Amino acid sequence: MKRFARLFTAIDETNATNEKVAALVSYFRTAPPEDAAWAVHFLIGRRPKRLVGSRKLAAWASGEAELPAWLFEESYQAVGDLAETITLILPDTGAPSELPLSQWVNRLLQLRGEDEDVQREVMVRSWRELDRRERFVWNKLITGEFRVGASQRLVIRALAELSGVDEGVIAHRLMGSWEPSAEFFQRLVAPDTRDADVSRPYPFFLAYQLEDSPAELGDLEAWLVEWKWDGIRAQLIRRAGRTFLWSRGEELLAGRFPEIEAVGALLPEGTVIDGELLPWTEDRPLAFAQLQRRIGRKNVGQKVLDEVPAVLVAYDLLEEHALDIRALPLSERRQRLTTLVASVPSSGRLLLSPVVPVTRWEEVVQARRSARERGAEGLMLKRLSSAYGVGRRRGDWWKWKVDPLTVDAVLIYAQAGSGRRAGLFTDYTFGIWDGDQLVPLAKAYSGLTDEEIRKVDQFIRRNTLEKFGPVRTVKPELVFELHFEGIQPSTRHKSGVALRFPRMARWRTDKKPEEADTIERVRELLKT
1 MKRFARLFTA IDETNATNEK VAALVSYFRT APPEDAAWAV HFLIGRRPKR LVGSRKLAAW
61 ASGEAELPAW LFEESYQAVG DLAETITLIL PDTGAPSELP LSQWVNRLLQ LRGEDEDVQR
121 EVMVRSWREL DRRERFVWNK LITGEFRVGA SQRLVIRALA ELSGVDEGVI AHRLMGSWEP
181 SAEFFQRLVA PDTRDADVSR PYPFFLAYQL EDSPAELGDL EAWLVEWKWD GIRAQLIRRA
241 GRTFLWSRGE ELLAGRFPEI EAVGALLPEG TVIDGELLPW TEDRPLAFAQ LQRRIGRKNV
301 GQKVLDEVPA VLVAYDLLEE HALDIRALPL SERRQRLTTL VASVPSSGRL LLSPVVPVTR
361 WEEVVQARRS ARERGAEGLM LKRLSSAYGV GRRRGDWWKW KVDPLTVDAV LIYAQAGSGR
421 RAGLFTDYTF GIWDGDQLVP LAKAYSGLTD EEIRKVDQFI RRNTLEKFGP VRTVKPELVF
481 ELHFEGIQPS TRHKSGVALR FPRMARWRTD KKPEEADTIE RVRELLKT
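Under my numbering, think of the first position of the sequence shown as 1, with each following residue one higher.
A couple of the hints might just be wrong.
[As the list claims (entries may be wrong)] Restricting the straight-line Cα-Cα distance to at most 25 Å, the calculated cross-link-like pairs of lysine-lysine (DSS-like) are: (1) K494 to K455; (2) K467 to K494; (3) K494 to K475.
In short, the hints are calculated from the structure, not lab data. Small disclaimer: the values here were computed from a predicted structure and weren't measured.
Using the sequences and the hints, build the whole thing.
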């Protein structure tokens, strides 16, 4: 734990990429393999399910620190982060721990299923055995909020530098399901690269958002133009007589899309298709909210299957006859994919991503304007000569999304943020007019500058009307322009609608609250 806490601090205290990579390489070179495996697990964003509730942790920490509950709550509101609050209020009783990280993780996992008295004893004993820096990391792991400024890409780069193995191979080995262990870490950095797991997907190739005019990309004949759909990016795999369906989030979607898995059984042996899972009927996609009805179910009943039929829109062919063909140019992969899709009797469940028929960049601009009418988010622009890369790489694949929908709404509730925003009110709820009442429309957390956040925070503190735990009711005076990608009817929201990916575009200091949008105007957006 001491070594891992030092790594956390080293990464957290620098913005220099090379310094972060150097710290990672040094850690992986000296840590026991099992500790290194768990470090990889946490650093790339995987974490154990929270095993102890926040209220219990707060109560036990208050008792250990001999603080009344109200003072802990006030401290928590000031700090904005539970793990950090607990770390700060507890006395420094421990020395740096010599126990390896893996033993601390095992102690954490053993809390599952234990009664409350045992959990409390383990937590208090752990707090006493750790110094402040280690205790902070331990608390982050316990609360499921472990984050540090090292992306998965940096971890992969460090492991590749340590082992001499290509970054793409490391990324591939990290995909899918695996358990942190000494054996896994040794396989992860092993120089023999003939170890592809039967079920394992390839790392997804991701696109950058196009900021400039598409004409800046050069000759249109060098590009493939497709619709950008709003679904779940997925890989359909057929290997060793078995079918696997993986999401971009590295989740095995077994049983949730049986009609797509049935198509997978018809694919030739050694096939991997990259595509988009979409709810689809009458030659167009349904709203993403319909797809969510299937995402959260381990077993999908016939009623949902009938109401929300799914398709896989195929973008790319990554593996053919058990050969990795990602290095081939997209034009060749696309030709092979076209032949494959045409040969599979999929009953319309496997669709080839249609090429947008354009000959001039002006037509590309016009196609983007019509994307929302087709149920698409915009366009994808892919260089025909490009290989299928790993992660987000600038230059070959671009996404050009439609302009967002907008609404002007009034700030009505606020809550303190966490992490670097701890102690500031940064999480906002916005309302629109329903007659002479403001009804909640959406929550938003991003879009303001640091200076604007400080000004809004000051306003909230001066104009709080009521307190409900961490939430403040705010005097309705500030108007903000919100941007969002989609809108759907919702019975769960008082406004009757739900927004997709809302964020703050600007603070409308030029508008009075009575000039904010009405529920009637927002409902009109449902027709767009």
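Quick rundown of the hints versus the structure:
1. K494 to K455: Given pair K494, K455 is violated - Cα atoms ~29 Å apart, limit 25 Å.
2. K467 to K494: holds (20 Å)
3. K494 to K475: holds (19 Å)
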